[in-house]
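Those sequence lines, one after another, are chains A and B.
Count the first sequence with the numbering used here and you get residues 99 to 310, in order.
Count the second sequence with the numbering used here and you get residues 85 to 339, in order.
Treat each hint with caution, since some may be false.
[What the hints assert, rightly or not] Calculated cross-link-like contacts (lysine to any residue; reagent style SDA-like; alpha-carbon spacing at most 20 Å):
(1) B:Lys108 / A:Glu297
(2) A:Lys139 / B:Lys107
(3) B:Lys108 / A:Asp179
(4) B:Lys108 / A:Ile131
(5) B:Lys107 / A:Pro182
(6) B:Lys204 / B:Phe250
(7) B:Lys108 / A:Gln178
(8) B:Lys161 / A:Arg266
(9) B:Lys107 / A:Thr180
(10) B:Lys107 / A:Gly132
(11) A:Lys139 / B:Asp112
(12) B:Lys108 / A:Glu246
[Stated by the list, open to error] Partner residues are not named here, just some residues of chain B that face chain A (Cβ under 7 Å, in silico):
(13) Phe110
(14) Tyr146
(15) Leu159
(16) Lys161
(17) Gln163
(18) Tyr197
(19) Ala201
Everything labelled a hint here was simulated from the structure, so no lab data went into it.
Backbone N, C-alpha and C define an ideal beta-carbon position, used for all residues, glycine too.
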Amino acid sequence: MKSITRLSVFLVMLFAGQIKAQYIFQTSFVNSIGDWAYTIKPGSPCFELGFRIKRFGGGFIDSKYSLGGTLGYFSLKPTQDTFPTYATGNVNGPMQLFPGYEVIHYYHALFVSFTNDYAFMANKRFSPVVGLDLDFFIISTSVSNYAETLEQSSSSGNDDFSASIVPRIGAQYKLSDNWLLSAGAGLNITYASSIEAQEYWKPYISIMYFPK
Amino acid sequence: MNKRFLLITSCFFIVTVYWSCSKKTFTDALPQVQFVSVTPYGNDSAIIAGNVTSAGASPVEYVGFAFSANSSVDLLKNQVLLNGTTGRFSAGVKVYHDSTYYFKCFAANSFGYAASAAFKCTIGSAVGDSAPCALNSNYIVDGGYGGYSIVSLNTGPSYASYGGSFGVYVDNGSSTESVDICFNGSPGNGTYNSVSSLSFDTNPYDCEIVVNGSYVVNAGGKVYVSVKSGKTTISFCPITYIGTSTYSISGKITY
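Looking at chain A on its own, in the form it has when it is part of the complex:
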């Protein structure tokens, strides 16, 4: 968790240095899919706070293409308190299966997302949007493992790292010259990780403020 704390302080200082920032607040739900869905509950809330730090092609809120960055956090819950796992080995005899269990105490993720968005009709009030984000995670977990005779271990506060790309599709609606509402869904695709790959998709809704 020390790594998460240091990263948080660094990023807040970095983003706070933006004078003419466009602010984004986004909420979404992390919905585990694939094999991950058997161990991680879907529907965990995720919160992101970010900035548009560049824009191209047009006026301020009417930018067709924009880059941005967000800092996000979510905490996941396991589907059950205890998972029946096992180990195999031969302790003074034939190979045997040793029943055991695993407990996931917590799973916290802090991430930085570098966002890319393209609005097809940015000068209109309503526009479909596609995006592609690059996310970097610091994941903190606490897990206990036990197998009769063979294993009893517990790990806590381990920091693991993961990187993903997140293709997104959605739409935006210009509420006013200063406010932009956006909604859509993105799919997290892990391409590098020191922990089990995170498989999820997330529907999101975000509100952006463009100060004059």
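Knowing the structure of chain A, use the given hints to seat chain B on it.
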């Protein structure tokens, strides 16, 4: 338009969140197993069988059994571990006859393991069995040759010429007609099934029968074994083999 967009966005969000919350459970990922049966075998063993009814979310890596005289079966006690499979699996275990045991089977995949409910069984003695037809003792009726009295009868590991570990060889004295029955071990009370080959077959209730050193009896034939007062009687009727045509063969052998 403002209200419509907000309505559409809200509906989209609610629907996707609701749909995403159709949860999988960890139990869905685990295999499912069912304990099937206990069959007494010989004087001190039983054949126990289980069935994998579902592999779960990944291939089954291990299956096995455990049993105990107590209803709370510890999976580490008297455990038999086998390679993973789907469907039916079985193993032979040493048990006391006329005793009560509780059996469980289990299966494991990459997610974890699951075990069946405990199956209570009082092991009876294996019952001797005999073919359901009238047969003369130590006499073979071969549809491709005719009937003949057994003149030469030999048993033991060296007569398991076609597989297994125990053979019963009989002929008519001139070796022109013979029957060689190969078992996975010395046969005890019970009904055995003929198979086309005992290679890689460890089922103690399978046997391979070869007629005249050339013709393998068709699979699925029944061979009945009764052990009483130190004598073993093997009987069969009719089982078939394919020579120039399909022939039936019956017989009763006592040693």
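Hints, verified against the model:
no. : hint                : result
1   : B:Lys108 / A:Glu297 : holds (14 Å)
2   : A:Lys139 / B:Lys107 : holds (7 Å)
3   : B:Lys108 / A:Asp179 : holds (15 Å)
4   : B:Lys108 / A:Ile131 : holds (9 Å)
5   : B:Lys107 / A:Pro182 : holds (19 Å)
6   : B:Lys204 / B:Phe250 : violated (32 Å)
7   : B:Lys108 / A:Gln178 : holds (11 Å)
8   : B:Lys161 / A:Arg266 : violated (53 Å)
9   : B:Lys107 / A:Thr180 : holds (17 Å)
10  : B:Lys107 / A:Gly132 : holds (11 Å)
11  : A:Lys139 / B:Asp112 : holds (13 Å)
12  : B:Lys108 / A:Glu246 : violated (28 Å)
13  : Phe110              : holds (5 Å)
14  : Tyr146              : holds (6 Å)
15  : Leu159              : holds (5 Å)
16  : Lys161              : violated (10 Å)
17  : Gln163              : holds (5 Å)
18  : Tyr197              : holds (5 Å)
19  : Ala201              : violated (15 Å)
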